[in-house]
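Peer 1: Given only the sequences and the hints, what does the whole structure look like? Please build it.
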Amino acid sequence: MTKIASNSHNGMVPSLSNMNKTIGILGAGSWGTAMAQAFANQGHSVYLWHRSAKTAQAIQKTRINQKYFPNAQLHPLIEIISDWKWMIQHVEIIVLAVPTTILPYFLSTMLTNIRKDQVVLNAAKGLDHAREQTISQWIQSTFSKTIVEQHYGVLSGPTFAQEVMENKPTGMMLAFKDANRRSRIKSTLHATRFQIFETSDICGVEIAGALKNVIAITVGASDTLGFGFNSRAALLTKGQEEISHIGRALGALPETFWGLAGMGDLILTCTGDLSRNRRVGKKLAEGKNIRQVLKELGQIAEGIRTTKTAYHLSQKLGLKTPILSETYHSIFKGKSLQQAVETILLEMK
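Per this note's numbering, numbering through the sequence shown is continuous, rising by one, with the last residue being 349.
No lab work stands behind these hints, which were simulated from the structure alone.
Careful, some of the hints might be misleading.
Ranges of calculated distance between the beta carbons of each label pair, as one might list FRET restraints [as the list claims (entries may be wrong)]:
(1) Gly43 <-> Asn289: 39 to 49 Å
(2) Pro169 <-> Gly43: 12 to 22 Å
(3) Ala191 <-> Asp273: 36 to 46 Å
(4) Met348 <-> Asn167: 37 to 47 Å
The C-beta atom is built at its ideal place from N, Cα and C for all residues, glycine as well.
Peer 2: Given below as structure tokens:
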């Protein structure tokens with residue numbers, strides 16, 4: 001049964017121009033929970049959706065998300081619910097923090113019935129794997145360009161959920177087409193320790209956020225195989241070039257890939273051991289197969305699926321991307337990781 005917030009607005013949804021907002025977050029994993037905490041700390045009422053009614057009730061009662069943050073007490077302004085359709089009817093800002101493989105399922109309902117005052121912000125970092133495109137491209141082809149321009153945006157950039165939960169200073173990029181709405185959303189979410197920067201380049205931010213996970217797998221493997229810091233720096237730099245080439249071929253702005261959503265997120269994900277995708281690369285380099293890695297990880301690592309999609313996308317665009325290509329062949333075609341990394345380093349130009 002859905003838990004209705006004690007501070008509910010009784011069906012009345014305030015305007016986006018008001019100071020305090022009602023925010024709904026789809027996905028009570030580590031990232032969804034951390035964002036809920038950050039927004040509640042700013043005084044916003046937050047509904048956090050969990051797919052399991054039983055787990056939602058347990059978190060609501062104990063005020064602890066035991067799986068991800070067993071030592072953290074959730075803010076009183078956070079309500080855990082299990083009815084996402086109810087949630088999207090009662091919030092102004094919808095934040096998506098679920099795997100990108102299931103985003104079209106939720107978006108189909110949300111965007112068909114979206115109100116004029118509502119916006120949907122995608123905080124997941126992946127692609128539409130079935131069609132080998134970005135989520136904004138899928139929305140535009142399924143709904144309309146107007147929906148993308150007026151209602152859809154992306155939250156991305158260098159963020160580890162653990163540090164956001166600990167209220168450590170964080171910078172994120174908000175991508176949204178409409179300048180007026182973008183400014184209002186930024187004012188809503190921006191805080192001293194949760195700073196929001198803005199851009200209109202939705203495509204660039206989507207590509208940067210998705211593809212950096214692939215490079216992180218490669219860098220994690222390279223570090224574990226003992227290739228050293230020189231190789232790491234080369235992989236980071238050339239990996240960023242490959243991401244930029246794909247993004248620009250799709251119409252993204254070049255500067256996006258050297259900002260927070262681009263180089264910033266790439267550096268964090270490739271070098272920080274809190275990174276799931278970096279850990280995937282390290283475990284693969286230890287000789288474990290994908291099934292073992294995912295079992296040990298216990299969480300979704302978007303980079304695995306994205307590796308295949310990014311490889312096919314680069315082939316479709318006629319681009320030479322040796323890091324994406326070799327990572328794909330090592331994960332899906334049985335090529336040894338050591339040989340793949342050596343090939344990458346030899347083919348860099």
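Peer 1: So which of those numbered hints doesn't the model satisfy?
Peer 2: 3
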